[in-house]
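K.L.:
Residue numbers (full-length UniProt numbering): 1 to 696.
Since the hints were derived computationally from the structure, they do not count as laboratory data.
Certain hints may be false.
Listed below are the simulated DSBU-like cross-link pairs for lysine-lysine, each with C-alpha atoms no more than 30 Å apart in a straight line [to be verified]:
1) K662 <-> K694
2) K290 <-> K463
3) K290 <-> K208
4) K208 <-> K605
5) K290 <-> K202
6) K101 <-> K55
7) K219 <-> K202
8) K380 <-> K415
9) K359 <-> K419
10) K415 <-> K369
11) K361 <-> K415
12) K294 <-> K369
13) K645 <-> K694
14) K463 <-> K294
15) K307 <-> K415
16) K202 <-> K659
17) K294 <-> K202
18) K640 <-> K222
19) K290 <-> K307
20) K307 <-> K380
21) K605 <-> K694
22) K419 <-> K380
23) K208 <-> K640
24) K463 <-> K101
25) K222 <-> K202
26) K640 <-> K659
27) K659 <-> K694
28) K369 <-> K359
29) K463 <-> K605
30) K640 <-> K605
31) K369 <-> K380
32) K640 <-> K662
33) K415 <-> K359
34) K222 <-> K307
35) K605 <-> K659
36) K222 <-> K294
All figures in this text were calculated on a predicted structure; none of them were measured in a lab.
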Amino acid sequence: MRLKPISVPVGKRLGDDRFQAIVRSSGDAIIGKTLNGIVTSWNEGAERLFGYTEKEMLGLQMLRLFPIERLDEEYYILERILNGEQVAPFETIRIHKDGSKVPVSVSISPVCDEDGNVVGTSKIARNISNQLRLEGAAEQFRALVDSSDDAIISKTMHGRISSWNRAAETIFGYTEAEMLGQPMLRLFPAERLEEEAFILNKILAGEKVEHFETVRIHKNGKRIHVSATISPIRDREGNIVGASSIARDITMLRRQQEELEHLAHFDALTDLPNRLLLSDRLRQAIALSKRSGKPLAVLYLDLDGFKLINDLHGHDVGDALLVAISERIVGTLRDTDTLARIGGDEFVAVLVDIDSNAKLKRLLERILKACAIPVQIGDKHLEVTASIGVTTYPYDDVSEDQLMRHADLAMYEAKQAGKNRYHLFDAPREAEGKSRHVYVRRLAEALENDELVLHYQPKVNMKTRTVVGVEALLRWQHPERGLLAPALFLPLIEGHHLNEDIGIWVASNALAQMEQWRQAGIRMPVSINLAPNQLQDTRFPAVMQELLARYPHIAPCDLELEILETSAMHDIEAVSRVMQSCRELGVQFSIDDFGTGYSSLTYLKRLPACTLKIDQSFVRDMLSDHEDLAIVRGVIGLAKAFGRKVIAEGVESEQHAVKLLKMGCELAQGYGIARPMHADAFSGWLGEWEATAKRG
């Protein structure tokens, strides 16, 4: 396109005071030059932009401002001007007086004399550094948003989607074009619609909704579990104009957790509840009985003659028989009752709403009859019967564990009485209470007489073969019965304050031993086990602070407190507060026997524990039991997902170590590494271990 040159009366126009004032005061650089590129005018904006004064630039070549790689631009511009062609505004680079590069936006126009002849050009240049910086930042932000693995979505206050990144498309299946302007509710399942109002109220109040776990709907109709953080969006004046949501797909984690929980709480053979889930069901049944006033019954059932069948025909036939019998027993119970397999051929049933002895008797007779009916397994005609022990609550007003022990005692009475029958537990509660009182008093004397000792079991990194710490394990050096493991005496004082006193004794003696090792040149982290009640005692952090103060040279982070997974479930808020207070002292936490309780994503997020310990019952049998292997793999996966360390208990062989390392678990303890030992023996063991590790 050729342009008709614009005639400008140069003398008159350039001499106009008003025009000159406008040019001088402009924030942009306004420069005049001849067709040879000689600068003829130079305003203050040009001086600010390029650093040269008018005196320095008048009569000099405009090329002085050009970087070498852009010299051709001047010739191209002049050629276009001489041809009367339009030079569209463009962006380029010029050189400041100090040598730095200045990005500019340039507009160029021809200057004509009174006869219409082109005699020069005028240039308006604007510094676009800030603009480019903002555009670059915006581009980087867009790239960051699009490269995120999390869905990043913004919406208006009316719930309409205003931005949608690539991860959102991947997670929810909808493209940006499909979702822009659409209501956010499009992703909500029907039962979650009220969440939008809850979120909106939080946003309007200027609050942030963090790590909000919920369910959304994929384009294909499938449900997605997400963890979302939702924040208000404000304009420059601080007004809330929308909300941003960062959502992470946790569907696989949730499924993994559900599978882990099922494997941990249901029997792999019969798919009945196991002992852990049974305890919870029994606890709920006791609470229901207290509210309703209706008794419940606990049945402990053992199959008569099962061992002989298992020995004669093999485990496969025995397993098939157990499945068949369990299905029959379930068929005799009501939907509100629970049947659990707690090991081998032993089952426990919890029967609720037993409002008469006649009803209980009818249920027991149905169970006995169902068990006695012959079972056909392949070509084998098999017969067993059942012996059942029974106790009822609240007549037997004890804890859930004691109810099962009483039912177990009654079951043995049924066997001794001839089998294929039931027996009711009726021992006086006063006798048991007296017996427990005597036992508590004896254990208190053991504490006073220094009969309690600590043994230490090493924990190692199987990959580097370094010793990373020890676990302090309580033992009772009984004068008559010898060295007793804690399982033989601690359960009988559960809930008694003596249990907490022993816990403090363990902590104090472990710290004293750490100090002895320190003085011998050995820094050895030690973990100790806490009593469940200590986790809910608000005074416990102060006790720990006092104990740590006695040993100022011991790093608090070298002391690790192990808590049972199940002990945190009763009051997670209280437990979390106590743990956090101890963490502030520098003490570390680990969750012991992980996988045996009701682990959930919520507990992992809210309990400040650094380490998960895989229960030895799963590790020990993982080489032969694929369900246990799945649990171990699931715990390792959860630990990795939540940034926790993981250590395996019960490592008994090289094969265990190799398998765990392949799954990503490097830390371990167990008899395959070392048995618990007295502190006096530890230094010698440590020297031998380190020497062996160096030899490779």
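K.L.:
If a hint holds in the structure, say so; if it doesn't, say that too.
P.N.:
Going down the list of hints, with the structure as the test:
A threshold of 30 Å between alpha carbons decides the hint, and for K662 with K694 the separation of about 23 Å falls inside it, so the pair holds. Annotation: proposed proximity of K290 to K463 is violated, straight-line Cα distance about 53 Å (limit 30 Å). At most 30 Å may separate the alpha-carbon atoms for a hinted pair to count; K290 and K208 exceed this at roughly 41 Å. Proximity of K208 to K605 is assessed by CA-CA distance (about 18 Å); at most 30 Å being required, the pair is judged to hold.
Between K290 and K202 the alpha-carbon distance is near 39 Å, which puts this suggested pair outside the 30 Å criterion. In summary, the hint linking K101 to K55 is supported, as the alpha carbons are separated by about 22 Å, within the 30 Å threshold. Restraint check for K219 and K202: the C-alpha separation of about 27 Å stays at or below 30 Å, so the hint holds. For the suggested pair K380 and K415, the alpha carbons sit about 26 Å apart, so the restraint of at most 30 Å is met.
The hinted pair formed by K359 and K419 meets the criterion: a straight-line CA distance of about 22 Å does not exceed 30 Å. Under the criterion of a C-alpha separation no larger than 30 Å, the hint pairing K415 with K369 is consistent with the structure, at around 16 Å. Our distance criterion of 30 Å between C-alpha atoms is met by K361 and K415, whose separation comes to about 18 Å. Among the hinted pairs, K294 with K369 is consistent with the structure: their alpha-carbon atoms are about 26 Å apart, no more than 30 Å.
Restraint check: the Cα-Cα separation between K645 and K694 comes to about 25 Å, which is no more than 30 Å; the hinted pair holds. With a CA separation close to 57 Å, the supplied pair K463 and K294 exceeds the 30 Å bound. This hinted pair checks out: K307 and K415 have alpha carbons roughly 14 Å apart, not beyond 30 Å. Restraint check: the Cα-Cα separation between K202 and K659 comes to about 48 Å, which exceeds 30 Å; the hinted pair is violated.
With a CA separation close to 44 Å, the supplied pair K294 and K202 exceeds the 30 Å bound. Taking the CA atoms of K640 and K222, the gap is near 26 Å; set against the 30 Å cutoff, the hint holds. With a C-alpha separation of about 39 Å, the suggested pair K290 and K307 falls outside the 30 Å cut-off, and the hint is violated. Straight-line distance between C-alpha atoms of K307 and K380 comes to about 16 Å, which keeps the hinted pair within the 30 Å bound.
For a cut-off of 30 Å, the pair hint linking K605 to K694 is broken: about 39 Å separates their Cα positions. At most 30 Å may separate the alpha-carbon atoms for a hinted pair to count; K419 and K380 meet this at roughly 23 Å. Taken as a hint, the K208 and K640 pair is honoured in the structure, with Cα atoms around 27 Å apart against an allowance of 30 Å. Pair hint K463 plus K101 does not hold up; C-alpha atoms about 55 Å apart against a cutoff of 30 Å.
For the suggested pair K222 and K202, the alpha carbons sit about 28 Å apart, so the restraint of at most 30 Å is met. About 17 Å separates the Cα atoms of K640 and K659, which keeps this hinted pair within 30 Å; it holds. Under the criterion of a C-alpha separation no larger than 30 Å, the hint pairing K659 with K694 is consistent with the structure, at around 23 Å. Proposed proximity of K369 and K359 is supported: the alpha carbons are some 16 Å apart, at most 30 Å.
A C-alpha spacing of about 28 Å is found between K463 and K605, which places the hinted pair at or below 30 Å, so the restraint holds. Taken as a hint, the K640 and K605 pair is honoured in the structure, with Cα atoms around 13 Å apart against an allowance of 30 Å. In summary, the hint linking K369 to K380 is supported, as the alpha carbons are separated by about 20 Å, within the 30 Å threshold. For the hint pairing K640 with K662, the CA-to-CA distance comes to about 14 Å; that is within 30 Å, so the pair holds.
Proposed proximity of K415 and K359 is supported: the alpha carbons are some 23 Å apart, at most 30 Å. For the given pair, K222 sits about 47 Å from K307 by alpha-carbon distance, which is inconsistent with the 30 Å threshold. Of the pairs offered as hints, the one joining K605 and K659 holds, with about 28 Å between alpha carbons and a cut-off of 30 Å not exceeded. The straight-line distance between the Cα atoms of K222 and K294 is roughly 43 Å, outside the 30 Å bound, and the hint therefore fails.
In summary, the numbered hints that this structure violates are 2, 3, 5, 14, 16, 17, 19, 21, 24, 34 and 36.
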